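**Student:** Chains as they are written, first to last, in the working numbering: chain A, 1 to 406; chain B, 1 to 267.
It is possible that part of the hints are untrue.
What the hints assert, rightly or not - Straight-line distance between alpha carbons at most 20 angstroms, and here's what the computed PhoX-like set of lysine-lysine pairs gives:
(1) Lys-362/A to Lys-341/A
(2) Lys-329/A to Lys-291/A
(3) Lys-66/A to Lys-49/B
(4) Lys-266/A to Lys-49/B
What the hints assert, rightly or not - Pairwise CB distance ranges (calculated):
(5) Glu-232/B to Pro-276/A: 51 to 59 angstroms
(6) Ile-6/B to Glu-355/A: 53 to 61 angstroms
(7) Tyr-20/B to Ala-396/A: 43 to 51 angstroms
If you are wondering where the hints come from, they were derived from the structure by calculation, not from laboratory data. As the structure is a prediction and not an experimental result, all values here were calculated from the model. Heads up, the beta-carbon is just placed ideally off N, CA and C, and yes, glycines get one too.
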Amino acid sequence: MEEKSLHIVIVGHVDHGKSTLVGRLFFDTGSLPPEKLEEIKKTCEAMGKELEFAYVMDNLEEEREKGITIDIAHTFFMTQKRRYVIIDAPGHKEFLKNMISGTSQAEAALLLVDISRGIQEQTLRHCHILSLLGIKQVAVLVNKMDLVDYSEASFREVDSGIRKVLSSLNIKPAYVVPISASKGENVAKRTEKLSWYNGPSVLQALDSFETLSIEDKGLRFPVQDIYSFDGEEVAVGRVEAGSLKKGQEVFVLPQKRRSKVVEIRKFLADGITEAPTGDCVGILIEGAGLKRGQILTDEVKSDITDTIRANIFWMVDKDYKLGIPVTFKCATQEVKGRIEKIHRRFDPASVEIVENNASIIKPAEIAEVDIKLDSPVTVDKFSDVPELGRFVLEHAGFPVAGGIII
Amino acid sequence: MDHLSILENKSIFIIREAYYRFRNIAMLWSVGKDSTTLLWLVRKAFFGKVPFPVIHIDTTYKFPEMYRFRDEYAKKWGLDLIVGRNEGQVAAGMGPKKGSKLDCCNELKTNALKQVIEKNGFKALLLGIRRDEHGIRAKERVFSPRDGNFKWNYEDQPAELWDQYKSTAEEDNHFRIHPILHMTELDIWNYIRRENIPISELYFSKEGKRFRSIGCLPCCGPVESKASNIDEIIHELETTHTSERAGRAQDKEDAYTMQKLRSLGYM
Chain A
1 MEEKSLHIVI VGHVDHGKST LVGRLFFDTG SLPPEKLEEI KKTCEAMGKE
51 LEFAYVMDNL EEEREKGITI DIAHTFFMTQ KRRYVIIDAP GHKEFLKNMI
101 SGTSQAEAAL LLVDISRGIQ EQTLRHCHIL SLLGIKQVAV LVNKMDLVDY
151 SEASFREVDS GIRKVLSSLN IKPAYVVPIS ASKGENVAKR TEKLSWYNGP
201 SVLQALDSFE TLSIEDKGLR FPVQDIYSFD GEEVAVGRVE AGSLKKGQEV
251 FVLPQKRRSK VVEIRKFLAD GITEAPTGDC VGILIEGAGL KRGQILTDEV
301 KSDITDTIRA NIFWMVDKDY KLGIPVTFKC ATQEVKGRIE KIHRRFDPAS
351 VEIVENNASI IKPAEIAEVD IKLDSPVTVD KFSDVPELGR FVLEHAGFPV
401 AGGIII
Chain B
1 MDHLSILENK SIFIIREAYY RFRNIAMLWS VGKDSTTLLW LVRKAFFGKV
51 PFPVIHIDTT YKFPEMYRFR DEYAKKWGLD LIVGRNEGQV AAGMGPKKGS
101 KLDCCNELKT NALKQVIEKN GFKALLLGIR RDEHGIRAKE RVFSPRDGNF
151 KWNYEDQPAE LWDQYKSTAE EDNHFRIHPI LHMTELDIWN YIRRENIPIS
201 ELYFSKEGKR FRSIGCLPCC GPVESKASNI DEIIHELETT HTSERAGRAQ
251 DKEDAYTMQK LRSLGYM
């Protein structure tokens, strides 16, 4: 079995069957504990409903009463090939911040489209979010095929429509799969009813995805905190890119001060000579002390700047007006600032640009902006080093937007 | 990097992030396998030290084995242990037989915890809950804000992306921090085996039964099992289909008891 779990987010418009799909996948692969099934049966009986597979994921009373998903749920699932973390995202525009929270943790996505409804508002919005967050592995599931009697012609129509949308956003879907989540057709196994279809089932499509490999990049080690428990200063942090070696010459950014890694430290481990990407370690370095927010690198390739050009997505239900203060949070850096210029803003659920040189950003819109910070930070382009090329904006202690540095 | 190291690093990052943001922090230790694993991770995050208090919420109904285990490791690991008890309700005879289980959990656990937080002014608590334990816990954030009434506003949780956790806002009373939310029951046991973490004897089979999840004696049932060591437990979990909390009474009263308990501030 592969070491790394694959994180998959399930997205798509309201009622296109996201939670039902996950419930069905669990049921058909025998991954559902019997008491959980009992609990769902009992609840459905009390509500006078047929067995509702969506309740595997929709566990809040409000979600079941209203028949909607409010917040993301993570579940765990295993095949012969690997472990999966399945993140079921809500489809409503009002819960967009939850959908984005889920998508930000994913390496691949399943996009559901209801064959009887076609591409709708949140389908488009979610496609944009996938593209912006750099999710390249996408399979489209054309759901509710039972409603059109498993018709190939109806499927072809939706298939070409969604491929067009995705291709305009530079996403090439790995597969477009006809399914019926509620009937379990083509979910865990292929079905006779779709004999004209030669591609994989949902389960086979999942197993064909790849976990993202760690690329060989230059070192990025953001300092997280400083501990001085025994009178000795240890800087802790996580290696976000590249690797950190004992004895290595480093630059401390944004000051560009030169230093050297004297020791790498972990509890119950002696003689560490190298820390790979993703490792949380303590370090001792030569010279003056470190502080949170500084970034150790092997070369000065990152941008050191107080102006950030980025695409941001606005996640809360209040407008942003030029001049409102925000806090910029990128890796362990945290600096106050404000959006200085809104080059353009648009509603990803429609196709037209809403406004150039705007003075506000409205809920659920995407905008290309310049952010002016009170002091310089160390950043990279998202396409070069994602870990230092993505950020969150906060206002009054609340995350209000996510952003990608371009 | 292997699966368990990926999970461990994620937890350590969260623990350090919480400690940076809130120096006035504590962790909850129920003495069960999850919070004992969390305690182990805290020791790893701070190079063998636990730089904040460890709270044990004592309903007075815990297994004798749990009290023994607690005292032994509190001493061995040099913990600053706070025992939180809702003395008023204990004296008044609150128990699972008096009133509903929801009332009992709420008084002896949630309100006992409230009293400890108020008395010590903690701004954040580390908790060892996991997403795969219960459908409601599957909805949790890593940093989960609570207001002055301890309410969990599960209908409007803050966005959480790229390991950027919500800063404190005016209405936030304290934060619940969940460093092992991403681990499954099987991950926990594999990690316990790899790290050789000491664990309560209640988890190991005696006379054909063992506890899979431990809490208060009257509300915990053992499961049929011959697994008497960690390898056998892992083998059992890889083949079983019953859920972990099958023996926990407070989840079962009605479908939404756990949701109600948690919205009131239960762990």
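**Student:** A separate judgement is required for each hint: does it hold in the structure or not?
**Tutor:** Right, here's what the structure says about each hint:
| no. | hint | result |
| --- | --- | --- |
| 1 | Lys-362/A to Lys-341/A | 15 angstroms, holds |
| 2 | Lys-329/A to Lys-291/A | 16 angstroms, holds |
| 3 | Lys-66/A to Lys-49/B | 48 angstroms, violated |
| 4 | Lys-266/A to Lys-49/B | 12 angstroms, holds |
| 5 | Glu-232/B to Pro-276/A: 51 to 59 angstroms | 33 angstroms, violated |
| 6 | Ile-6/B to Glu-355/A: 53 to 61 angstroms | 43 angstroms, violated |
| 7 | Tyr-20/B to Ala-396/A: 43 to 51 angstroms | 20 angstroms, violated |
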